[in-house]
Amino acid sequence: MNSAATPVPSHDISTKIPLYEASTQFKHWRHSPEGLSRVRQSQNEVAVAAIRNNLEANEPGSSADVAFLTADEEVLLVRLYIAKITPLCANFRFPEEVEATAMTYLKRFYLKNTVMDWHPKNVMLTAVFLAAKTTNNLISLEVYAKGIPGTMPHNVLDLEFLVAQSLGFEFAVWHAHRALWGIWLDLQNLPGGTLDSAAYDAAMSEIRASRLTDVELIYTPSQIALACLSLVSPALSQQWAASKLTPNGSETSLSLAAVQGVIGDIQKIIKANGAPPSVEAVRDVDRRLRLCQNPEKIVGSKLYLAKQAEAERKAEEKRNKKAESVRKTMEGDPFGSTLPPSKPGLVDYDDDDDDED
Amino acid sequence: MDEVVKANAERQKRWTKEKKVGEGTYALVFLGVEVSTGKKIAIKKIKVGELKEGLDMSAIREVKYLRELQHPNIVGLLDVFSSKTKLNLVLEFLESDLEVVIKDRSLVFLPADIKSWMSMTLRGLEFCHRNHILHRDLKPNNLLIASDGQLKIADFGLARDFADPGYKMTCQVITRWYRPPELFFGSRYYGSAVDIWSVGCIFAELMLRIPYMAAMTDVDQIKVIFTALGTPTEEEWPGHTKLPTYVSVGQFPKPALRELFTAASADSLNLLSKFLTFEPRKRISARDALLHAYFDALPYPTHPSKLPRCSKPAEEPEADDKEGGKGKNNRLKRKLMSPEDDAKIRPVARKLDFGKLAANSP
Numbered sequence: 001m002n003s004a005a006t007p008v009p010s011h012d013i014s015t016k017i018p019l020y021e022a023s024t025q026f027k028h029w030r031h032s033p034e035g036l037s038r039v040r041q042s043q044n045e046v047a048v049a050a051i052r053n054n055l056e057a058n059e060p061g062s063s064a065d066v067a068f069l070t071a072d073e074e075v076l077l078v079r080l081y082i083a084k085i086t087p088l089c090a091n092f093r094f095p096e097e098v099e100a101t102a103m104t105y106l107k108r109f110y111l112k113n114t115v116m117d118w119h120p121k122n123v124m125l126t127a128v129f130l131a132a133k134t135t136n137n138l139i140s141l142e143v144y145a146k147g148i149p150g151t152m153p154h155n156v157l158d159l160e161f162l163v164a165q166s167l168g169f170e171f172a173v174w175h176a177h178r179a180l181w182g183i184w185l186d187l188q189n190l191p192g193g194t195l196d197s198a199a200y201d202a203a204m205s206e207i208r209a210s211r212l213t214d215v216e217l218i219y220t221p222s223q224i225a226l227a228c229l230s231l232v233s234p235a236l237s238q239q240w241a242a243s244k245l246t247p248n249g250s251e252t253s254l255s256l257a258a259v260q261g262v263i264g265d266i267q268k269i270i271k272a273n274g275a276p277p278s279v280e281a282v283r284d285v286d287r288r289l290r291l292c293q294n295p296e297k298i299v300g301s302k303l304y305l306a307k308q309a310e311a312e313r314k315a316e317e318k319r320n321k322k323a324e325s326v327r328k329t330m331e332g333d334p335f336g337s338t339l340p341p342s343k344p345g346l347v348d349y350d351d352d353d354d355d356e357d
Numbered sequence: 001m002d003e004v005v006k007a008n009a010e011r012q013k014r015w016t017k018e019k020k021v022g023e024g025t026y027a028l029v030f031l032g033v034e035v036s037t038g039k040k041i042a043i044k045k046i047k048v049g050e051l052k053e054g055l056d057m058s059a060i061r062e063v064k065y066l067r068e069l070q071h072p073n074i075v076g077l078l079d080v081f082s083s084k085t086k087l088n089l090v091l092e093f094l095e096s097d098l099e100v101v102i103k104d105r106s107l108v109f110l111p112a113d114i115k116s117w118m119s120m121t122l123r124g125l126e127f128c129h130r131n132h133i134l135h136r137d138l139k140p141n142n143l144l145i146a147s148d149g150q151l152k153i154a155d156f157g158l159a160r161d162f163a164d165p166g167y168k169m170t171c172q173v174i175t176r177w178y179r180p181p182e183l184f185f186g187s188r189y190y191g192s193a194v195d196i197w198s199v200g201c202i203f204a205e206l207m208l209r210i211p212y213m214a215a216m217t218d219v220d221q222i223k224v225i226f227t228a229l230g231t232p233t234e235e236e237w238p239g240h241t242k243l244p245t246y247v248s249v250g251q252f253p254k255p256a257l258r259e260l261f262t263a264a265s266a267d268s269l270n271l272l273s274k275f276l277t278f279e280p281r282k283r284i285s286a287r288d289a290l291l292h293a294y295f296d297a298l299p300y301p302t303h304p305s306k307l308p309r310c311s312k313p314a315e316e317p318e319a320d321d322k323e324g325g326k327g328k329n330n331r332l333k334r335k336l337m338s339p340e341d342d343a344k345i346r347p348v349a350r351k352l353d354f355g356k357l358a359a360n361s362p
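Those sequence lines, one after another, are chains A and B. 1 is the number of the first residue of the first sequence in UniProt numbering; add one for each residue after it. 1 is the number of the first residue of the second sequence in UniProt numbering; add one for each residue after it.
Source of the hints: derived by calculation from the structure; they are not laboratory data. A virtual CB, placed ideally from N, CA and C, is assigned to each residue, including glycine. Careful: at least some of the hints might be erroneous.
[To be verified] The calculated label-pair distances, taken between Cβ atoms and stated as ranges, are:
(1) B:F295 with A:S42: 49 to 55 Å
(2) A:A311 with B:Y26: 25 to 31 Å
(3) A:N155 with B:T241: 47 to 53 Å
(4) B:Q172 with A:E59: 34 to 40 Å
(5) A:N189 with B:D164: 17 to 23 Å
[Claimed, not checked] Each computed BS3-like pair below joins lysine-lysine, with the alpha-carbon atoms no more than 27 Å apart:
(6) A:K121 with A:K146
(7) A:K321 with B:K84
(8) B:K84 with B:K47
(9) B:K13 with A:K121
(10) B:K20 with A:K27
(11) A:K307 with B:K47
(12) A:K322 with B:K84
(13) B:K19 with A:K314
(14) B:K86 with A:K307
(15) A:K112 with B:K47
(16) A:K322 with B:K86
(17) B:K39 with A:K322
(18) B:K13 with B:K84
(19) A:K321 with B:K13
(20) A:K321 with B:K52
(21) A:K112 with B:K39
(22) B:K52 with B:K20
(23) A:K321 with B:K47
(24) A:K121 with B:K52
(25) A:K112 with A:K307
(26) A:K297 with B:K47
(27) B:K19 with B:K40
(28) A:K307 with A:K297
(29) A:K307 with B:K6
(30) A:K297 with B:K86
(31) B:K52 with A:K307
(32) B:K282 with A:K318
(33) B:K86 with A:K321
(34) B:K39 with A:K318
(35) B:K6 with B:K47
(36) B:K84 with A:K297
(37) A:K318 with B:K20
[As the list claims (entries may be wrong)] Selected chain B positions facing chain A (in silico; Cβ < 7 Å):
(38) E3
(39) V4
(40) E53
Let's have the full structure, built from the sequences with the hints guiding it.
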């Protein structure tokens, strides 16, 4: 018992929930297929209504003829930019984890935002930069921006906070390619002939295809990994799944049939959407996006300028107030008058005076 | 307004910040309360806007890991929100830390108290390691104490996931006195054993009430370690002389731990020697340490609520206590200080026998 060199026993010290189920990915980023389209649908409707308002405010009557993007069209556009993350990461020789993480970030970002507010071309650059940091593959901002033609450091940084916020500051991602590696290690421990590493490589290609789809927003990494392996070698995937069932099969709710059902669903999605969308199909969407972008977010538009002016006016007001109160203090009793009662709960969080030096 | 911005505004209304209690190079710490319950909390406000690389790596690490880790012995991250360009981490309010407790000369530690702190530290660490996370900065100052006596591991600014075999990591981690010898020798491939060495140093410090192996420079630190535990032989730690920055600092005999830890039980010395094993692969794991006979033997660990603690709340003046002023500052200070900031030089734990040293040098 006291020997430090013995391998870790397979049973757990306490009966806890599986590690994966304690993750933010399990708790906050899992949807049913229907739930996922509902989220996107309502996201799209809210965005269209807000932009229509803004267009009208900018120029009355201007929203009548605008063909706003549908939820499906938004997804299509985002998928094009997810596919572009691969060559971008290859350019910087980032490990696969950066690429996979950035793709997840981009998908999660657009569950909270619309492409009509934030163009995926820009968000993608920020997502990759942030993913490099969160996976411990830090690159200097300057080097990063230099490596991408036409990009300035501020283009990357401007959206970083918004992206982090949209992710709920939940940076940890559980990836299917890690699960596949785990399955592969398991397989090496099972009796049977030697494994052909070509099967692993082929399954990895399926994993990469799966990243262009929604499967990670619906299924667990291990389900996706098993589905990908099964596409390549049904025999290996069966052998592994069978090894995970308890000997008499009664103590677990897991049955091979149920596993096969889930795997089949995942495979259908990968086959349908596992390739990058054709540029032709997206071109029309992108062209229309230029007409229905939220004017509030377009630098130089009337509404954008109005919003900037409003923010500036508020800041000015605040500065004046502060100057006024300082002046008053200076004029009166140098020791000040009696202190006003403190009012906890009324803290202005936007008041960052406490750290302006 | 954007959904994300709206949600953020909702979040920040749930907390108030009342007074600033600490300031460091990258963050400010405020005390506050949860509006709905009146429960005390701490808000760590991280400057982001003026950083030219954007979100800072330690902030990212801290948020990434604390978001995932929920355990009674790991500091709770209750919420994250932003105000303008500042990142606000809402953390459990913890009134003290183990360093303050160790330094409070008015407190007497019973063996059962030490066992209690050790078991809480190991349970928190076992949970990190089970989640494939290395802490990489364990020290008494990062083990916070809640008002109910629970010990919680804090400061994940240097933490990272276990790397795959063959993937290099930096060896510039862990505060010097708690850093294992393999990192001084430039080992770039390591695992959970680095945290275990720190736990061993903390265990010794709890028994001695002063840091066990405290040196002023990295080179001296190796010498201090080898003086305390004896220079490892090739058999004890195979291959260590081949590590990238290995230097020979001389042959030191292996003293019996008993000589210094005169009051310790045989079980505790056995466990201590397993924490401070040179060969990282033979160093005990957090999980096996929890199963060690030390924790089964009498006396049983003290209940957290009955552990020694600094008696007076931080706000009260402590006129009759010479240590009072210092203790107060320490309690208010959060994790914003590196050991280099800490100008005080603490006494070296053991007597260095220079006569013997010279005699044994080649």
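These are the hints, each one checked on the structure:
1. B:F295 with A:S42: 49 to 55 Å: Given about 53 Å between the Cβ atoms, the range holds.
2. A:A311 with B:Y26: 25 to 31 Å: holds (26 Å)
3. A:N155 with B:T241: 47 to 53 Å: Holds, since N155 of chain A and T241 of chain B (Cβ atoms, about 50 Å apart) stay within the stated range.
4. B:Q172 with A:E59: 34 to 40 Å: violated (58 Å)
5. A:N189 with B:D164: 17 to 23 Å: At roughly 18 Å between Cβ atoms, D164 of chain B and N189 of chain A fall inside 17 to 23 Å, so the hint holds.
6. A:K121 with A:K146: holds (16 Å)
7. A:K321 with B:K84: holds (19 Å)
8. B:K84 with B:K47: Holds. K84 of chain B to K47 of chain B sits at ~10 Å (cutoff 27 Å).
9. B:K13 with A:K121: Distance of about 33 Å is beyond 27 Å: violated.
10. B:K20 with A:K27: violated (33 Å)
11. A:K307 with B:K47: holds (25 Å)
12. A:K322 with B:K84: holds (19 Å)
13. B:K19 with A:K314: holds (25 Å)
14. B:K86 with A:K307: holds (21 Å)
15. A:K112 with B:K47: Since the Cα atoms of K112 of chain A and K47 of chain B sit roughly 25 Å apart, the hinted pair holds (cutoff 27 Å).
16. A:K322 with B:K86: holds (21 Å)
17. B:K39 with A:K322: violated (31 Å)
18. B:K13 with B:K84: Status holds; Cα separation ~14 Å.
19. A:K321 with B:K13: Within the cut-off at roughly 23 Å; holds.
20. A:K321 with B:K52: violated (31 Å)
21. A:K112 with B:K39: Between K112 of chain A and K39 of chain B the Cα gap is close to 31 Å, so the pair fails against 27 Å, i.e. violated.
22. B:K52 with B:K20: holds (25 Å)
23. A:K321 with B:K47: holds (25 Å)
24. A:K121 with B:K52: Distance of about 22 Å is within 27 Å: holds.
25. A:K112 with A:K307: holds (22 Å)
26. A:K297 with B:K47: This hinted pair holds, its Cα atoms lying about 25 Å apart.
27. B:K19 with B:K40: Given pair K19 of chain B, K40 of chain B holds - Cα atoms ~12 Å apart, limit 27 Å.
28. A:K307 with A:K297: Distance of about 10 Å is within 27 Å: holds.
29. A:K307 with B:K6: holds (17 Å)
30. A:K297 with B:K86: holds (22 Å)
31. B:K52 with A:K307: Roughly 26 Å separates the two Cα atoms, so the pair holds.
32. B:K282 with A:K318: Not OK: K282 of chain B and K318 of chain A at ~62 Å, beyond 27 Å, violated.
33. B:K86 with A:K321: The given pair, whose Cα atoms are some 23 Å apart, holds under the 27 Å limit.
34. B:K39 with A:K318: Measuring from Cα to Cα gives roughly 31 Å; hence the hint is violated.
35. B:K6 with B:K47: holds (21 Å)
36. B:K84 with A:K297: holds (18 Å)
37. A:K318 with B:K20: Roughly 22 Å between the alpha carbons, so the hint for K318 of chain A and K20 of chain B holds.
38. E3: Because about 6 Å separates E3 of chain B from the closest Cβ in chain A, which is inside the 7 Å limit, the hint holds.
39. V4: holds (5 Å)
40. E53: Where the cut-off is 7 Å and the nearest Cβ of chain A is about 5 Å from E53 of chain B, the hint holds.
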